[in-house]
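Work the whole structure out from these sequences, hints included.
Take a look at the letters that make up each chain.
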Amino acid sequence: MDYFAGVDIGSTMTKVVIVRGDKIETSLIGPTGPEHRKLANRVMEEALGQARLSFDDLTYIVATGYGRINVPFADRQITEITCHAKGLQSLLPSVKTVIDVGGQDCKGIKILNGKVMNFVMNDKCAAGTGRFLEIIADSLGVPLNKIGEISLTADKIAPVSSTCTVFAEAEIISRLATGESIANLLAGIHDAVATRIAALVKKLNVEPDIAVTGGGAKNIGLVKALGSKFGRELLVPPEPLITGALGAALMGKDIYERYAAEGQRPSRSGKKLEEATFFA
Amino acid sequence: MAFVLGIDVGSGYSKAVVLEDGVVRSYAVIPSGGDYRKAGAAAAKEALDRAGITRANVVRTFAAGYGGSMVDFADDTSTDISCHAIGVHHLFPSVKTVMDIGAQYSRAIRLDDAGRIANFIMNEKCAGGSGKFLQVAARILHMNVSDIGELSLKAQKPVEFTTGCAVFAESEAVSRISEGASPADILAGIHNAMASKIVTLAMRVGLAPDYAVTGGGAMDIGLVNSIGAELGTKPLVPAHPQTTAALGAALLAWEQTKK
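Protein chains in written order, with numbering that gives the first Met the number 0: chain B, 0 to 279; chain H, 0 to 258.
Warning: the hint list may mix true and false statements.
[To be verified] Ranges of calculated distance between the beta carbons of each label pair, as one might list FRET restraints:
| id | chain 1 | residue 1 | chain 2 | residue 2 | range |
| --- | --- | --- | --- | --- | --- |
| 1 | H | Thr161 | B | Lys201 | 22 to 28 Å |
| 2 | B | Lys123 | H | Val22 | 44 to 50 Å |
| 3 | B | Asp137 | H | Gly231 | 39 to 45 Å |
| 4 | H | Gly179 | B | Lys123 | 53 to 59 Å |
| 5 | H | Arg49 | B | Ser160 | 51 to 57 Å |
| 6 | B | Asn117 | H | Asp74 | 54 to 60 Å |
[Stated by the list, open to error] Using 30 Å as the maximum straight-line C-alpha spacing, the simulated DSSO-like pairs for lysine-lysine come out as follows:
| id | chain 1 | residue 1 | chain 2 | residue 2 |
| --- | --- | --- | --- | --- |
| 7 | B | Lys217 | B | Lys114 |
| 8 | H | Lys258 | H | Lys44 |
| 9 | B | Lys202 | B | Lys228 |
| 10 | B | Lys228 | H | Lys124 |
| 11 | H | Lys124 | B | Lys145 |
| 12 | B | Lys223 | B | Lys114 |
| 13 | H | Lys124 | B | Lys202 |
| 14 | B | Lys145 | B | Lys123 |
| 15 | B | Lys201 | B | Lys155 |
| 16 | B | Lys202 | B | Lys109 |
| 17 | B | Lys123 | B | Lys217 |
| 18 | H | Lys124 | B | Lys217 |
| 19 | H | Lys37 | B | Lys109 |
| 20 | H | Lys37 | H | Lys124 |
| 21 | B | Lys155 | B | Lys109 |
| 22 | B | Lys123 | H | Lys156 |
| 23 | B | Lys155 | H | Lys124 |
| 24 | B | Lys109 | B | Lys217 |
| 25 | B | Lys95 | B | Lys123 |
| 26 | B | Lys123 | H | Lys37 |
| 27 | B | Lys123 | H | Lys153 |
| 28 | B | Lys123 | B | Lys37 |
| 29 | B | Lys201 | H | Lys124 |
| 30 | H | Lys124 | B | Lys223 |
| 31 | B | Lys95 | B | Lys202 |
| 32 | B | Lys217 | B | Lys202 |
| 33 | B | Lys145 | B | Lys155 |
| 34 | H | Lys233 | H | Lys124 |
| 35 | H | Lys156 | B | Lys37 |
| 36 | B | Lys223 | B | Lys109 |
| 37 | B | Lys22 | B | Lys114 |
| 38 | B | Lys37 | B | Lys217 |
| 39 | B | Lys95 | B | Lys109 |
| 40 | B | Lys123 | H | Lys233 |
The hints are simulated quantities; they were obtained by calculation from the structure and are not laboratory data.
Note that the coordinates shown come from a computational prediction; the quantities given were computed from them, not determined experimentally.
Just so you know, even glycine gets a beta-carbon here, dropped at the ideal spot from N, CA and C.
Structure (structure tokens):
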């Protein structure tokens, strides 16, 4: 059976998924650095090692995400919104609305049968993105992966009035000085982010089920706060970061199967997993 | 001889202006810090000291600004928007559009021919068009905010920022620096990003010449030039751009003493 790979280069994290049939063979997540091309190679090599495969075992590779043009060994580039919809459909087929909270952006996607019906996106303002949570966690001296749980221990939500990340950071620091607890402030922060994201996503005709993906979905405090804005429990895939990469791999499989149905086999056009020079 | 005092307690700085028979005698600008009551009093004291008088010599005091209501010795208060309008109209009667760039807020004010406020808008939601953005820039480049303007004039090829968000621009600036962009090019890019936000804000109240830029942001020559480039004409800048609202407050106090 053939292997297909998806590479998702996000603003903050790079993800690789290799599928065989409809099943995930292996997945890998690493931080995106300033040099996308070198990193794409390294993450792919690691994923292949993990799956005990060689580069030539891969039948088709699709790159996605904001750095997708920097994957010289990919056979095709597809936008992350399309790949997200595809990945979600295979993981949680009942989902009609996806909220993807990334490191530096946030998207709302309406899906029908694995296809994108409509989407909204914010990549212009840090409020409502992972960056906001990262900055606040930093200024409170709490690890980013702990803020969600801590926010759930709050005895009340300390409201945060600033929308802008820069102002919210200053507001948080002055509230700490007046004795507000970290848990209550974090509850306020998660509520503020959820309000901002909900305002964006509600521009779509939101229909259940609703899923949360991206790094933000790993934050239980944010998922609960978002749930309260939509008045229902939100679904989260087992590994919310790899939805786009999974979708990319599955898109590759579809493309390949369409060729195969016509009796063709798309050539890998001699692509190799090697360091590319920038203007090659 | 009658002295009046105008005080503007802003989020970043507190300003005071002393008028003698309607003419500016002295002024002061001090950081507001965390205590607006003290800041207002300290700014007033410094301006009075410079005029060589005490509060006892002042017949009327007007306070304005974010912390204006905390100035307990003021006879009256007014909004900083109306004081801005009065101050700018006094200095530049031809001005119809005022862009005020404060430490945390930026505002656009549209004046009619008589200098009355026709419309105004305030941006308090986003640091992108405020002095805070310049502080972020100064921090990344390890320099003083007051040196930004001069250095930015040496830019060869201003960096083009993809967003006006101060947080995203900070990451972008760091990436561009690592790729070899000069501090001057970074700063000029930040000025352009800010100017675009500020002029967009002003467009929402209706752009009409002449234009004035006030507030601490107006002390940054690079930012003023970027705003000028965006407008297609050079804006007017008061000699002491931080004190226009305090001047307006003082002028209001003076008007009342004449009645």
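May I ask you to test the hint 54 to 60 Å on the CB atoms belonging to Asn117/B and Asp74/H?
Distance hint for Asn117/B, Asp74/H holds at roughly 58 Å.
> Is it true that the CA of Lys217/B sits at most 30 Å from the CA of Lys114/B?
Replying inline: Answer holds: Lys217/B to Lys114/B is near 24 Å, not above 30 Å.
* Asked: Would the pair Lys156/H and Lys37/B pass a check requiring their Cα atoms to be no farther apart than 30 Å?
  -> With a Cα-Cα distance of about 28 Å, the restraint between Lys156/H and Lys37/B holds, given a limit of 30 Å.
| message | What's the verdict on Lys123/B and Lys153/H, does the C-alpha distance respect the 30 Å limit or exceed it? | response | Holds, at about 28 Å.
(Q) Check whether the Cα positions of Lys22/B and Lys114/B lie no farther apart than 30 Å. (A) holds, 20 Å
Q.
Can you confirm whether the C-alpha distance between Lys124/H and Lys217/B stays at or below 30 Å?
A. holds, 28 Å
Check your understanding: Under the criterion that the straight-line Cα-Cα distance not exceed 30 Å, is the pair Lys109/B, Lys217/B satisfied?
Key -> holds, 21 Å
* Assess, step by step, whether the Cα of Lys37/H is no farther than 30 Å from the Cα of Lys124/H, and give holds or violated. => holds, 27 Å
Notebook entry, point to check: CA of Lys95/B to CA of Lys123/B, is that 30 Å or under?
Noted result: holds, 25 Å
30 Å Cα cutoff - pair Lys145/B, Lys155/B
With a Cα-Cα distance of about 18 Å, the restraint between Lys145/B and Lys155/B holds, given a limit of 30 Å.
So does Gly179/H sit 53 to 59 Å from Lys123/B, Cβ to Cβ?
-> violated, 26 Å
message = What's the verdict on Lys95/B and Lys202/B, does the C-alpha distance respect the 30 Å limit or exceed it?
response = holds, 15 Å
The earlier numbered hints that this structure contradicts are 4, 5, 19, 21 and 26.
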